[in-house]
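K.L.:
Listed in order, the protein sequences are those of chains A and B.
Note that my numbering numbers the first sequence so that position 167 is 167, with each residue one more than the last.
Basically my numbering = 1-based index in the second sequence + 1000.
A few of these clues could be false.
Unchecked claim - With a straight-line Cα cutoff of 30 Å, these simulated DSS-like cross-link-like pairs (lysine-lysine) come out: (1) A/Lys-119 - B/Lys-1253; (2) B/Lys-1253 - B/Lys-1197; (3) A/Lys-119 - B/Lys-1083; (4) A/Lys-119 - B/Lys-1197; (5) B/Lys-1350 - B/Lys-1035; (6) A/Lys-131 - B/Lys-1246; (7) B/Lys-1246 - A/Lys-123; (8) B/Lys-1197 - B/Lys-1366; (9) B/Lys-1246 - A/Lys-115; (10) B/Lys-1220 - A/Lys-119; (11) B/Lys-1197 - B/Lys-1220; (12) A/Lys-119 - B/Lys-1366; (13) B/Lys-1191 - B/Lys-1358; (14) A/Lys-115 - B/Lys-1297; (15) B/Lys-1373 - B/Lys-1358; (16) B/Lys-1222 - A/Lys-123; (17) A/Lys-119 - B/Lys-1350; (18) A/Lys-115 - B/Lys-1191; (19) A/Lys-119 - B/Lys-1222; (20) B/Lys-1253 - A/Lys-131; (21) A/Lys-131 - B/Lys-1083; (22) A/Lys-115 - B/Lys-1302; (23) B/Lys-1253 - B/Lys-1222; (24) A/Lys-123 - B/Lys-1253; (25) A/Lys-119 - B/Lys-1297; (26) A/Lys-175 - A/Lys-33; (27) A/Lys-123 - B/Lys-1373; (28) A/Lys-119 - B/Lys-1373; (29) B/Lys-1197 - A/Lys-123; (30) A/Lys-123 - B/Lys-1366; (31) B/Lys-1220 - A/Lys-131; (32) A/Lys-123 - B/Lys-1302; (33) A/Lys-131 - B/Lys-1222; (34) B/Lys-1366 - B/Lys-1222.
It is worth saying that the hints were derived from the structure and are not from the lab.
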Amino acid sequence: MNLFLQQLINGLNVGSIYALIAIGYTMVYGIIKLINFAHGEIMMFGAYFAFIAATSFHLPVWAVLLSSMVIMAIIGVAIEFIAYRPLRNAPRLSALITAIGVSLFLQNLALIIFKPDPKVMPKIFPETIYKLGEIEISSTTLITIGLSLFFMVLLDLYIRKTKQGRAMRAVSEDKDAAILMGINVNRTISLTFAVGSALGALGGVLYSVAYIQVYPTMGVMPGLKAFIAAVLGGIGIIPGAMLGGFIIGMVETMTKAYLSTTWADAIVFAILIIVLLFKPTGILGKNTREKV
Amino acid sequence: MKKRVVSVLLVVMFTASIFAFAGCSTSGGSADVVKLGFIGPMTGDAAIYGSSAEEGAQLAVAEINAAGGIDGKNIELVAYDSKADQTEAINAYNRLRDQDGVVAVIGGTLSGETLAMKDIMVQDNMPVLSPTATAVEVTQDAPNVFRACFLDDYQGQAAANFAATTLGAKTAALLIGTGNPYSEGVSEAFKMAFTAKGGTIAGSESYGTADKDFSAQLTKIKEMNPDVVFVPDYVQTVGPILQKAKEMGITAKFVGADGWDGVQEEYADAAQGNYFTNHYAADSPSETVQNFITAYKAEYDKVPNSFAALGYDAVYTMVEAITAAGSTESADIITALKATDHAGVTGTLKFDEEGNPKDKEVTIIKIDGGQLKYDSTVVNK
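Starting from the given sequences, assemble the full structure and let the hints guide the process.
P.N.:
Shown next as structure tokens:
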């Protein structure tokens, strides 16, 4: 039982990171119907900026997180402006291929700037182990889960209570009607990229602190898994991305713990296929009939 | 039309002149120089292995020449970059044989490139001594191919003997990288030797090549509560595993293999107090080792790694064989190599029927305060 609870915490830990990254996928998809495959690379660059902030500038923890999130928010907006905005009215396939191109470009850029060998992320969080009966939780795990939940709640409030949040929901529901209502669509889309990229960067920093390495291809696997999480929860639906992230993290950890490590990735990807086959709209998605 | 004829003529002339010069370099001065070939990756991802081995080899050549060479003849080491590519390695070998006219080859450095060249080398009956290729097949069915390093299963046994005897471990858990022949091979040998010594394998966990999250596996290992955990893999994987294990408060000793070399640089805290098997220890009290390290530091301004030490030993062993043979004929050198008994930096080198090191010492290293400390020596019997 203790072993099971311990694995449950492991699953929550990795799941909360997937959830943060999945939010970025789902927000962007919700607003411009684009699967932003460069999101994993945003996460990777976020981790690199945190690494630089912590090792070269010795900033305190909050400043490391904040600077990485702010820089990545700006880069996210810039990517949208340069690569996706000119294709706003092009077929969706063109934008998707561009996203893959941006992803490869960023990965190779990191390879040139930072070199392929992994850098060791310094321990930016205080290190202690808390005991709850027989169960042990490290402070890094607690902070990871706590920070993720905090930002998810914050995001939820932002989307539901603020004017910009309402604008986002409006554009996501019907772009043309939103324009007629006087909403600045371009600014709203930029804002979405900024928020999504900042959360992706946070996910990257937490991932690199938990698994202590930063390297140019680190965004690929977590990015793919977060994408599956977004699809599983219902792509375009923010609470769905959070739920999907936790489910994927849990499935992965439990497979490793009780079935086989070699099957863990296979099972996670099988979930994607099953969801697409039987409920393409995801767990929280509603079946909407296409108007003919 | 005329222009084209002229340009073709020019190309022919250039090509001819290249061959003419190449011919010069082969015949010119080969009478008083004995040429040895070296093949290894010096650029690309695996560059560290090839260039370290070459540095060790060049150092040995310089020392031997300073001491009079082979019967007054100087040795020249002709080194080519294999780029860790099998075709490049074969091209390099052909060049060494045809253009440079080497009498013996030190190489290849990696298992893959050595296996690629092996068939041609066997056909040529070229005396070959690989400093560092660990794959079993390298020396199989190849009476002219030898190697200076011990094999993966040999160090797995040594690690098991060390864990059972020196550490007094009764139970061991294994953490194996599936799809990594090195990790799987060493683990298998460890498992057999540890059980043979009366120990129990509490369980074995595995991870995939791209895995970065080891918490599920380590949680299970913690539950098993073994005396030692055996993790034979390379630094980039071992570092995060040790870090996570420390975070989780696992108190068992971790033991690894030569892939751990370098773990003290970036993962000193996490690796503190753990052990691994290696080819040599930089702080060994042996005079041979200390002389080598002093000379290497003077030449390259850094502490030599195992690849450098093995490259150094390989050249000495080969030169000893050529001197003993009293000739540069392949057959004579090979016969002399079979009778090798060389006390080198990485231990005593003798060959078995297959051309692998026999009863070679395995050095146990302890990571202590960010340093690699010599702990003990194990010989498998």
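K.L.:
Hints broken by the structure, by number, lowest first?
P.N.:
Hints 4, 17, 18, 21, 29 not satisfied by this model.
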